[in-house]
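Based on the sequences and whatever the hints tell you, model everything.
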Amino acid sequence: MVTVSSLTKYFGPIKAVDTLSFELKAGEILGLVGPNGAGKTTTLRCLCGILKPESGSISIGGYDLQKDDLAAKRQLAFIPETPNQYDLLTVREHLQFIALCYDTMEEFEQKKNAILDRYDLRKKENALVAELSKGMKQKLAIASALIHRASVFLCDEPLVGLDPQGQYSFKTELKNLRDNNCSILISTHLLETAEMLCDRLVIMQLGKKLFEGTLEELRISTGMHARSLEEIFLSLTNRNIS
Amino acid sequence: MSPFFFLATRRIKNGFHRSFRTPVRGVMTVLIIGYFLFSFAAFFFSKPTIPRFITGIPDFDLHIATAVLVFVHFLLFTISLMRPKYAFTILSETDIENIYPTPRKTWSVFRYFLFTRSFPLIFLFTCLMGIYLFKFLQMIVRIPPSAPNGWMASLSLSIYLALLMLTLSAVLFWRLVIDIRQEFGLIHKYLFRFCIAVLFGIVLFSTAYHIQESLRAGRHPLVGLTESADSFPVLVILFPFQAHANLLIGHYDILNVLFSFIFWSGLSFTGYRALRAEEPRLYEFAAHIAAFRSLMMERLRNPATAIKEAQAKSKQSLIPPILFRFFTPKRSAAIFWKDGIIAWRSHGRLIKGVTALLVLFIIGTWIFTQINPIHFSSKIFWGISIIGMVMILMLFCISSILIFSEALKRTEVQKPLPVSAMQTVFMHILLWTMMTCLVIVIPYLTAAVLFPAYAYIILFTLIGGCTFTYVINSGFFFIVLFNPDMQDPLQRMYVPLFGMAMSLAVSAPAILVLVIGFLLHLHLLIILCLAILCNLAGASVLHILSSRKYKNFLFSE
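Chains A and B, in that order, are what the protein sequence lines are. The first sequence lines up with residues 1 to 242 when you count with my numbering. The second sequence lines up with residues 1 to 557 when you count with my numbering.
Any given hint could turn out to be false.
Stated by the list, open to error - 16 Å max Cα-Cα, derived EDC-like pairs, lysine to aspartate or glutamate: (1) A:Lys-137 x A:Glu-106; (2) B:Lys-105 x A:Asp-103; (3) B:Lys-105 x A:Glu-131; (4) B:Lys-105 x B:Glu-278; (5) A:Lys-52 x B:Glu-406; (6) A:Lys-52 x B:Glu-183; (7) B:Lys-409 x A:Glu-131; (8) B:Lys-338 x B:Glu-406; (9) A:Lys-67 x B:Glu-279; (10) A:Lys-52 x B:Glu-279; (11) B:Lys-105 x A:Asp-68.
What the hints assert, rightly or not - These stretches of chain B come out as covered by chain A in the derived footprint (C-beta under 8 Å, 3 or more residues): (12) 10–22; (13) 159–171.
Claimed, not checked - Heads up, incomplete: computed chain A residues facing chain B, CB under 8 Å, no partners named: (14) Arg-45; (15) Gly-49; (16) Ile-50; (17) Asp-68; (18) Leu-70; (19) Arg-74; (20) Leu-76; (21) Pro-80; (22) Asn-84; (23) Asp-87; (24) Leu-191.
No lab work stands behind these hints: they were computed from the structure. All C-beta atoms in this analysis are idealised placements derived from N, C-alpha and C, irrespective of residue type, glycine included.
Structure follows, in structure tokens:
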């Protein structure tokens, strides 16, 4: 579904992402984990077309993001780390705006009530975004990603700020999407969530890929059997620094 | 329906709806709409004013007025070009996260924001400024009999506004192109600034030389300014602004206007094309600027972030500024201390920069007068002192809007503290007043030492300025309390307009005292004391009203 080959991104002299390659298959949840400054958010921003990589290629649903960006973006849904919506739109209008951007108004009319109910947004339907709490804004960001028929979901720390009910709903949502053959890439600091939710992991540090594979493969390759992801991750990243 | 049209219309609709949620903001909205309508109607339907001379300025004729206006337009052009790149409000983090990942064409997204966020407000304010300037010039400049009046005057002003919009468009497009190319290392980082500095330096040097010659010959400095505008190479540099000045006065020739239109249209068109050619870099450039701006805002809100960043870089340590290191704050003083550190870290460069520039200007003038003994009349000193003071106060009081808005975002942290609303309000205002006073005290004291013969004028202006700073800041704080959200375009428009009006209203008694005192030739000390009393009384009233509002203040209201 998503193929990233030799992705390299500089910020001035700093190499934020260094020849990163990985593949996200259909019906899979891939966890992108790494310490602060590993290049996770930069990778996601390159994947959704906000940043232009210096070299490398990104293919989404068979479309090259550089050559056919509109077709590639049609497959995507992006959930940013900090919810940043238009303060002067109401919840309903915000969703409507996103639907207009994707030209999926008919689908929006069919789906909107179910989505609003699922994320407790029905009561706040006509409230301005400025009046929502941080958690509610995060729910709205998730709801916005579900408005159009995306097949690839890019989530940057999606669980931060959500209440337990919201976290549960979102995790269930991700599992349902996976069952419907959608591909999900999650960038997260929450290693427990990654361990529980993700089928495979990409561990990054200083822009480079340290590991790609399942948790079992990670345990075997590091020789740390019966250890949690947190322990392996800390060992791997600390070893790499030293 | 286009998503962008939907976004624009809903934001305006919801913004107006929100404006009427509180009675005060509702009244402000009605007043603003009334003000705009009245201003435009008054211009188009009023009779032309009879022109007359300003007394005291000899030969303030058409030629001098044109030269002054040409210089004003050149200055406006230079300031617009030198704006910090992150000051462009076309691009925001919200757009990046919500629109950029969607399947919309990059150029159509960027063009939409460029036109909807920059031009309507610029156009509205340009029209208003143009109308007032046109009216003002009609009153003070001897307009030739051939000058248009009635509907022809309106036509002249309309042509001027169109030309000014073309100029501002060209500036905006080219500035963005240069910023983008700098950001991606395609042109040298300082090349553009160097070119502008050279142009500005040539104009400044030539003007200073001609004014000096004029003063030596015992003529008015404005005559020197006019000679500078007519001399080579300043004449060439300023030529594109000739038609702007002529149109404002109502004295122009068709060829001149035609040349300007062709020149600025060409520059705008090529700028637009060049910007379009940068399409592949637009999103990334926007993302860089938005990230930089949010980092600045985060530093402003949260000093801990700034400290962490500095420590991570290990290049500089963020110790509190020297003024705040010597006292241990208690109760309400803690708010002053905290606000002080935040304001210094966010605006310290501006404060130090402006102070240094002013001190350099004063020392430069002193050296100049030592080399070329020129006698300045006390009237000139009064004029320079007061105009300088008003300009600094305006700059810093406008900056206070952001400081107060950020301070009010911290209300939830401050309200549970054992400090009364009155004390909190007082500390917020006092802090920014002190920061502004820091900027004016050092240059004015330097001037008082270097020009002892005029020390009484300088000290009078300094003390008077400090009291006005206090009352003006109180006025702005009061207005920000009702319009705290600077993300809301309507509130962002209300605060400077109503803040200015409120400040003028509250400082009016002190201004009246100054005028009457000077007319009656009262002792300067008596005038100053009376003005201070009036300002303190005005500020006290505002403090009481602000603290009442603060008790029930809600940022998202």
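Quiz item: Are the Cα positions of Lys-105 of chain B and Glu-278 of chain B separated by 16 Å at most?
Solution: holds (13 Å)
Practice problem: Grab the minimum C-beta distance from Asp-68 of chain A to chain B and call the hint holds if it beats 8 Å, violated otherwise. | Solution: Violated, about 10 Å.
Exercise. Using Cβ atoms only, decide whether Arg-45 of chain A comes closer than 8 Å to chain B, and label the hint accordingly.
Key: holds (7 Å)
Quiz item: Given Gly-49 of chain A was flagged as interface, is its beta-carbon under 8 Å from a beta-carbon of chain B?
Solution: Holds, because the Cβ-Cβ distance from Gly-49 of chain A to chain B comes to roughly 6 Å (cut-off 8 Å).
Quiz item: Is the shortest C-beta separation between Leu-70 of chain A and chain B less than 8 Å?
Solution: Result: holds, 4 Å to nearest chain B Cβ.
Quiz item: For the hint on Asp-87 of chain A, does the least C-beta distance to chain B fall short of 8 Å?
Solution: holds (5 Å)
Exercise. Tell me if chain A covers the segment 10–22 of chain B under the three-residue, 8 Å CB rule, please?
Key: Result for this restraint: holds, n = 5.
Exercise. Could you grab the alpha-carbon distance between Lys-105 of chain B and Asp-103 of chain A and see if it respects the 16 Å cut-off?
Key: holds (13 Å)
Practice problem: Measure nothing beyond the straight line between the CA atoms of Lys-338 of chain B and Glu-406 of chain B; if it is 16 Å or shorter, mark the hint as holding. | Solution: holds (13 Å)
Exercise. Under 8 Å, Cβ to Cβ, is where Pro-80 of chain A needs to be relative to chain B, so tell me if that hint holds or is violated.
Key: holds (4 Å)
Practice problem: Take the C-alpha atoms of Lys-409 of chain B and Glu-131 of chain A, compute the straight-line distance between them, and say whether it is at most 16 Å. | Solution: holds (14 Å)
Exercise. Mind checking the alpha carbons of Lys-105 of chain B and Asp-68 of chain A for me, to see if they're no more than 16 Å apart?
Key: Answer holds: Lys-105 of chain B to Asp-68 of chain A is near 11 Å, not above 16 Å.
When the structure is compared with the earlier hints, violations turn up for hints 1, 3, 5, 13, 17, 24 and for no others.
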